[in-house]
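Protein chains in written order, with our numbering: chain A, 382 to 588; chain B, 382 to 588.
Keep in mind the hints are simulated off the structure, nothing from the lab.
Do not rely on the hints blindly, as some may be mistaken.
The list treats identical chains as one, so a pair stands whether inside a single copy or across any two.
The calculated lysine-lysine pairs, modelled on DSSO-like cross-linking and capped at a C-alpha distance of 30 Å, are [said to hold, decoys possible]:
#: 1; residue 1: Lys443; residue 2: Lys549
#: 2; residue 1: Lys513; residue 2: Lys425
#: 3; residue 1: Lys416; residue 2: Lys579
#: 4; residue 1: Lys549; residue 2: Lys416
#: 5; residue 1: Lys513; residue 2: Lys443
#: 6; residue 1: Lys443; residue 2: Lys425
As the structure is a prediction and not an experimental result, all values here were calculated from the model.
2 protein chains.
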Amino acid sequence: MREAIVEVAQRLIIQQGVRATTMDQIAEALGISKKTLYEHFASKDGLVEACADAFLTQIERKLCEIRQTHTENALLPMIATANYIYTLLTSLNPILYTELRRVIPHARAQVLPRIQSIVQRQLALSVAQAVKEGLFRQDLPMDILPLWMSFVIVQVVLNPALAEQARKSIAEIYAETILLLLYSFTTEAGRRLLENYKSQIFQIYVR
Amino acid sequence: MREAIVEVAQRLIIQQGVRATTMDQIAEALGISKKTLYEHFASKDGLVEACADAFLTQIERKLCEIRQTHTENALLPMIATANYIYTLLTSLNPILYTELRRVIPHARAQVLPRIQSIVQRQLALSVAQAVKEGLFRQDLPMDILPLWMSFVIVQVVLNPALAEQARKSIAEIYAETILLLLYSFTTEAGRRLLENYKSQIFQIYVR
Numbered sequence: 382m383r384e385a386i387v388e389v390a391q392r393l394i395i396q397q398g399v400r401a402t403t404m405d406q407i408a409e410a411l412g413i414s415k416k417t418l419y420e421h422f423a424s425k426d427g428l429v430e431a432c433a434d435a436f437l438t439q440i441e442r443k444l445c446e447i448r449q450t451h452t453e454n455a456l457l458p459m460i461a462t463a464n465y466i467y468t469l470l471t472s473l474n475p476i477l478y479t480e481l482r483r484v485i486p487h488a489r490a491q492v493l494p495r496i497q498s499i500v501q502r503q504l505a506l507s508v509a510q511a512v513k514e515g516l517f518r519q520d521l522p523m524d525i526l527p528l529w530m531s532f533v534i535v536q537v538v539l540n541p542a543l544a545e546q547a548r549k550s551i552a553e554i555y556a557e558t559i560l561l562l563l564y565s566f567t568t569e570a571g572r573r574l575l576e577n578y579k580s581q582i583f584q585i586y587v588r
Numbered sequence: 382m383r384e385a386i387v388e389v390a391q392r393l394i395i396q397q398g399v400r401a402t403t404m405d406q407i408a409e410a411l412g413i414s415k416k417t418l419y420e421h422f423a424s425k426d427g428l429v430e431a432c433a434d435a436f437l438t439q440i441e442r443k444l445c446e447i448r449q450t451h452t453e454n455a456l457l458p459m460i461a462t463a464n465y466i467y468t469l470l471t472s473l474n475p476i477l478y479t480e481l482r483r484v485i486p487h488a489r490a491q492v493l494p495r496i497q498s499i500v501q502r503q504l505a506l507s508v509a510q511a512v513k514e515g516l517f518r519q520d521l522p523m524d525i526l527p528l529w530m531s532f533v534i535v536q537v538v539l540n541p542a543l544a545e546q547a548r549k550s551i552a553e554i555y556a557e558t559i560l561l562l563l564y565s566f567t568t569e570a571g572r573r574l575l576e577n578y579k580s581q582i583f584q585i586y587v588r
């Protein structure tokens, strides 16, 4: 039951944002009483936290799967990852980016740092292999790059102020950011491959 | 007199930070009474604002001068600018970066946006010429790039949390960031020039 609650709550939150999603709606969508709902989650805050947690765990699982599927070269899993995240960001109600900083309790303390650590781990995993294959520059500042990139994602890409001023969606800013950084990381050989792949980042596929 | 006050206050603030600099110290360093000081600036907040304003104006003037001095190619003024800012950031008391977000009144509302607009203007000026000379890629996303980069500077580079976690100075993070982005912007020809120049960003010259 707990899992079913999180699944339904997550779907509603993704569609309408945290504030607009009520415990009443969630109970109704599940066909259960509010009493039953509150037996599993003592507060909406707790349920929202469980949803964020489940959401990020799904993403991590998917990223792992992508790395295992695309083994032709080290650039391809990065393109596939970027395309997956781009599609995901496109599916979220934009209000969530604002709520991430303001409404969700502990968001700053838990969700944003977790996103940062996912970015850092992903980058560290990918870069070593890409350098080995001659696709990324050998002189990348690896002592700060994963941390630096995690700040770029959380403080710049997921920053509603930038999207608003740029009149772009956060998904578009994400994709442009990844492309800019891949252009920085790649060697001449890596760039030739990147030119072939880059349009795939912006494709939205039907899952 | 007003100018002399701002000059002395600015020097003290750069050395010791805003909070540690008192109106008493400033009056003493100028050899004037506190009464005279307060005739020119009704509050410390007002004086700090005037200092920030004068500081940023000096920077803008210097950047303009740099662009006029280095005309051999479009990359050189960018390297010289990066080296000037790197040296400048090295000379500031690091407490200022924290104070910029917390102590200085209206900092978020005035200083940070002004830094952002300087970055945007600089980038827009430089990129067009570099693209024309074949040193920067023609497919740079110019609709968002100046704004994007101004967010990277203010939200990532000047973010004390990143410097602290990376165990680097903000000046080093600035220089690494500029180098990463120049690697992204440049064409193959631009990269060859960049390889020649890049160590100059990190040189501290005596002014």
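Q. Can you list which hints this structure breaks, lowest number first?
A. Violated: hints 2, 3, 4.
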